[in-house]
Amino acid sequence: MEHIRTTKVEQVKLLDRFSTSNKSLTGTLYLTATHLLFIDSHQKETWILHHHIALVEKLALTTSGCPLVIQCKNFRIVHFIVPRERDCHDIYNSLLQLSKQAKYEDLYAFSYNPKQNDSERLRGWQLIDLAEEYKRMGVPNSNWQLSDANREYKICETYPRELYVPRIASKPIIVGSSKFRSKGRFPVLSYYHEHKEAAICRCSQPLSGFSARCLEDEHLLQAISKANPVNRYMYVMDTRPKLNAMANRAAGKGYENEDNYSNIRFQFVGIENIHVMRSSLQKLLEVNGTKGLSVSDFYSGLESSGWLRHIKAVMDAAIFLAKAITVESASVLVHCSDGWDRTSQVCSLGSLLLDSYYRTIKGFMIHEHIHSCQFGNFLGNCQKEREELKLKEKTYSLWPFLLDDQKKYLNPLYTSKSPKFTVLEPNTVSFNFKFWRNMYHQFDRTLHPRQSVFNIITNMNEQNKQLEKDIKDLESKIKQCKNKPTDGILTKELIHSVHPESPTLKTSLCFKEQTLLPVNHALRTIEGSNPADNRYSEYAEEFSKSEPGVVSLEYGVARMTC
Amino acid sequence: MEFAELIKTPRVDNVVLHRPFYPAVEGTLCLTGHHLILSSRQDNTEELWLLHSNIDAIDKRFVGPLGTIIIKCKDFRIIQLDIPGMEECLNIASSIEALSTLDSITLMYPFFYRPMFEVIEDGWHSFLPEQEFELYSSATSEWRLSYVNKEFAVCPSYPPIVIVPKSIDDEALRKVATFRHGGRFPVLSYYHKKNGMVIMRSGQPLTGTNGRRCKEDEKLINATLRAGKRGYIIDTRSLNVAQQARAKGGGFEQEAHYPQWRRIHKSIERYHILQESLIKLVEACNDQTHNMDRWLSKLEASNWLTHIKEILTTACLAAQCIDREGASILIHGTEGTDSTLQVTSLAQIILEPRSRTIRGFEALIEREWLQAGHPFQQRCAQSAYCNSKQKWESPVFLLFLDCVWQILRQFPCSFEFNENFLIMLFEHAYASQFGTFLGNNESERCKLKLQQKTMSLWSWVNRPSELSKFTNPLFEANNLVIWPSVAPQSLQLWEDSTNK
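Line by line, the protein sequences are chains A and B. Counting from 1, one number per residue, gives the positions in the first sequence under the UniProt record's numbering. Counting from 1, one number per residue, gives the positions in the second sequence under the UniProt record's numbering.
Only chain A is shown next, with the shape it has when bound in the complex:
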């Protein structure tokens, strides 16, 4: 709390991000230890978690006050105008401190209390059981086994305790290989394809320099290819651009020399590193935040940001990996520099294409890497750090909350009937890659589609279930009636049961209302839109001039409700 000087500022304005005219809401701004909260005159609340803040900017003082712009990690951008510069300065300084919490313990996840008891908390953490997951894949088996080499984090601090390796790889081989790999991250199993008996393995770059080699490492790779009874050669995918990998050789790192390793096929994939990706995302967001953006600025901005190019590169790599397994039954070893960014992207996307289990909510949780800070799953950088932080005692797991709320996240078009190994083969022709508006503009509701297909289909599904139940009820009624002597009663009852008062028809009436006035925020149906939001004309100011004979605007009177 020592960072907070001002807890409440009144008469603050919240500006509409895209509006060319200065449309705004006035309200009160509150600063708490964990959140920034804005309540407008309609009592609508806007909550911003300090840890979500990526950037705070105080702009030059204007006649209406001091502008404060906050960019969040979830792509929200809020633009406040604080009447007094002093207040703005206080809030600005507080947010600077609060958004840069150096210690994990100060994070909201450690103070968040969702009223779960200890056993519920424990169950939440146990939802994701990695050993169980490997068992599902069919590991351990005659070729792959659990290794205890890293049980005490002695070989590699950033790996978990439990690692799966080829059965024929002895401990000295593993230890030897880990010494030849950056950060000790030696090749381990990431995904096992039971049907093809092929594996996806991951590691970091070898410390090969210009000519160094390591027999143990060569043995370990050979062990991986031998663990595949179908295909003797394996692919080694270096997910970096070739130039980057070559530059690494000067620092004593690098990539595998095909001459030293038997039965490998080496391949560069060309995904850029996190620094390039970060600036690409920044450029993308910058372009999209421009007021009065034209179509051609949007597309040239999209192109120069390179964002879709990066997305396509990751996708192409994952498809290459999936094809190696399904078409050639070949195992694949994936690495980049340290083996924790690009490698994770490619391995997880590849297994998502291969295994339909990962396309279920539970399966997706298991290897998903989204960041959130309310819960402990994405705190810390590796298992060892998470243990030291005692996350399981001090914070709550995200997963049970997602599962409880999973209706919001279910795809009504999903069919679970496809067999386990239905491989997805996305078409990577360029025009199939789209700017994900609902992600990068999730808070700019005026840009969203106005009706949600998912909302409607989910409602329809529910309605169908209700109808099926009604059919059953009616059928059982018919059976009962058949046993009764008079036909007259039978007809009367049947007519009665399809009378407008019946629950079925009532549902359908409600249904109609629901589609027009959706309440489910998560499905992202737009609740209001009017022509002013969309800025069809630079003549807007002409419209609002009160001239004789011109009717003034009646915004809000006939607001769109679908």
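Some clues are possibly wrong.
Unchecked claim - For the chain A half of the interface with chain B, some residues (derived, Cβ under 8 angstroms), not all of them:
no., residue
1, 308
2, 312
3, 423
4, 426
5, 430
6, 437
What the hints assert, rightly or not - Quick list of the computed label-pair ranges, beta carbon to beta carbon:
no., chain 1, residue 1, chain 2, residue 2, range
7, B, 477, A, 419, 57 to 63 angstroms
8, A, 471, B, 229, 33 to 39 angstroms
9, A, 63, B, 193, 42 to 48 angstroms
10, B, 290, A, 341, 19 to 25 angstroms
Simulated from the structure, these hints should not be mistaken for laboratory data. Every residue gets a Cβ at the ideal spot worked out from N, C-alpha and C, and that includes glycine.
Fit chain B to the supplied structure of chain A, relying on the hints for placement.
Below, chain B alone, put in the same frame as chain A:
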């Protein structure tokens, strides 16, 4: 003329057909007067029946004795035929070339087509102007039907029956017609029942450089205003272009003569600029190099989505004037047959729930495009693969359909029809067995006796078996005005129309 003269080789065996999304098929190629047919003579295989009028361009090349003809269709498909024998290949190619570029409309397929289905309702009589007018007459008595153009003498591109203000007689209309481009005097396009405001459309006023005026014209459009109210004139050209038009005898309404009207200029591109945009777009879509940067820069350079945004924005502005400002509007560009119709028809999609139903949308196409004199024959003569830079070819109608698709995507439950309906309309506008889109206006259609000699597209579409393909299962009647977003992030490329 006999088609047989043009068909040098009617049949070739062992031809291999390649087309996107299908495996190659070997079979017999047959040429008829109107079709190119490939049959593998096996059951259960998809055969090719291609209308010659659907062919936009052909290329041929030879490798030894094997000839290849690449057929580029107006619906953007690219089909490849491998034909053994150089002579056969050359014959086929020149026959296709001749048959796909027949000059006379009366030789087109619709004049030869005999329907294999039972006609339940004759589409030529499905949307009569009198019936459409009845929809309004219950709400207002300020308008009347005029038969002044009965013989197409007042305005060659207008239908015989138009809706005009009741207080304006036919004599005045004749005078106004001489003051408007192509005789297109202001007529009613849409009546907004909620507040009685209207959309009118016309050709540009012929003010010329010395600021000519026409009292009857001023009286006509003022007759549509309620006491003390003002209206908006939306000119679909930039002020600059409108000013330049004066040198050629055209022009725009001057404030001094139309004090109750405020003019708004919006710039919507026309003619070859749109045609070039389509050519670039389709070229970009056909680029198979999988290079992301190249795709994005080509998409941007095509400007297609910029045109979409301009048209949609203008239509939204028109709808905003009507529904939010409570002001009537007059819309025109130069001729009043292209961008004007895009705007009037899209504004109705936004404002009028009926135009989002299948029947209502058909009525809209009939009223605002066919009867209103959009020159389909000229505009749709060639498509994205044409090389001839004719001034009058332009994908104006396709852009309109694309804009409808953009709104449909944003309001997926508010339309009774689906995307296939829009694609079907696009295909039939460019090549069809039906007579609906033949000719440039009602006058031409009358002379061609299309009603007697050809079948209407609507006769075919409005049968339950066809309608089921075009129905949106998510449709829930939505009686509200629908305001689409026109931000670049909200507009998308309509791939299904361009990628076949």
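Report task. Any hints from earlier that this structure breaks? Give me their numbers in increasing order, please. Result -> 3, 4, 7, 8
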